[in-house]
Amino acid sequence: MFWLRDRVINFTSLRWRLGISYAVMAILVTALLTGMAVKTSMTIALTSQQEKALSAINGITDAFAHSLTLSSDPAQSAKQLGMAAGGRVLWLGPDDRVRVDGYGEAGLSGQAFPLPSQLKDPEVKKAEIYDTGKSWAAYTSAPLKIAGKSSGRLILVQDLSALRQQYVQLQQRLWLLGGVCSILVTAMGLFLANSLSSPLERLTRAIGRIRAGELHQSVPAAGSREMICLAETFNDMAARIAQLDEQRRAFIADAAHELRTPLASLQALAEGMQQNSSPQTGELEAFVRQTERLGRLVGSLLLLAKLDNPELQIIPVPIKACSLLEEALWVMKPLAAERQVKLEMKEAGEAWIEGDPDWLHQALVNVLGNAVYYTPTGGRIGIQTEIKQGQVHVVIEDSGKGVPMEVLTRLGTRFFRPSTARERSSGGSGLGLSIVKDILRLHNGRLGFASPPGKGLTVRLIIPEISPPDQNL
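Mapping the sequence shown onto our numbering, position 269 (from 1) lands on 262, and the numbers just tick up by one.
For the record, the hints were derived by calculation from the structure and aren't laboratory data.
Among the hints, a few may not be true.
[To be verified] Subject to a maximum C-alpha distance of 27 Å in a straight line, what follows is the list of computed DSSO-like cross-link-like pairs (lysine-lysine):
id, residue 1, residue 2
1, Lys313, Lys430
2, Lys127, Lys142
3, Lys339, Lys313
4, Lys326, Lys127
5, Lys45, Lys127
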């Protein structure tokens, strides 16, 4: 942890870990590449120098042997040939003692010349380069023959201080260039690390605010494709959480409001019956109606709570659509007869769906019950089944007053009633279509509504079609 201007820099954070990793990697790669470049250039330069030395010693050997056959001064010839080759020429006898020194130093004459072990063989022409500590020196040995007879060898010694200086300068330039590249790569690595960590930090802060109760959160979708996808997914999730929280609050408020009305009525009826020693029949009937309404409301709330459980699982089985409709109509016929509403079902055909029979029966009964309540006395309700694009449409159309176009999209919302006075008079709570909507969601289906002007409401329960099961199984 490092403090800078009252701000904490945490070196264990992802930003600094990535940045330091990039920096270390850049330094190692730069050092490796620089070392390889220096080593390669040095090897090439020294190999080239060895080839030049071998080429030079060939000419020196021939010229020196020729000068000796002409009775020339061997020391003068060695000196001139050494100057032409940029080095020092020594003539060693068979016993490796110096006979002629091109520098003219008499002190070396007759002395044994200390040859490196690689140049011990007098019959082998070879060039070697040695590091003397402060400089480089090239030693080249070649056998000398005069008039066809072996006469020892010639040694060409060259000072490579200039080549070493060039190598040192090249090494310095490469290391300088490598250092600049390391800094640039480190800076780019820190920038990349910051671009990766900043969105994550924004997400972390937003999640912290959500945990603190501030559910309306969003983060900018910027950066790489993965970060944009992550930010968009988070924003969508946060919006859904906020929406669900609002729905929860609205649900609790609406449920409390709906429960308050029958409870107040029950309280008033109970007080009235308490004051009257003999309760009137009308009061008792009202009391029973309110308790029944309260029971239906509580039942719907429990059913919705069950549907909201994410662990709820259904056991789907193949179902013939006409059989499902016939069972629901059989349940609704007494209520339709009581309200003098005619139920007309068209031939359903051989449409098959897959689902839980009990849940789908509940959904059909809810829709048919709404249709019966909304249809005036003497009206009709049409039921038919259609197959469109691999979907089974169960269409239920009543002959009531319909629903205004502006509220069609709100049908299926919990506690929403398009006609409050009428819904209350029927004892409805605005939860029936919400239950149907959730049941269809469990079956990968959906709920659709239509209300043409001058006609009643048309409800479509849309469920995926399946192939008829094999009867032989």
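Next on the checklist: Could you work out which of the previously given hints the structure breaks and list their numbers from low to high?
Outcome noted: The structure breaks hints 2, 4; every other hint is satisfied.
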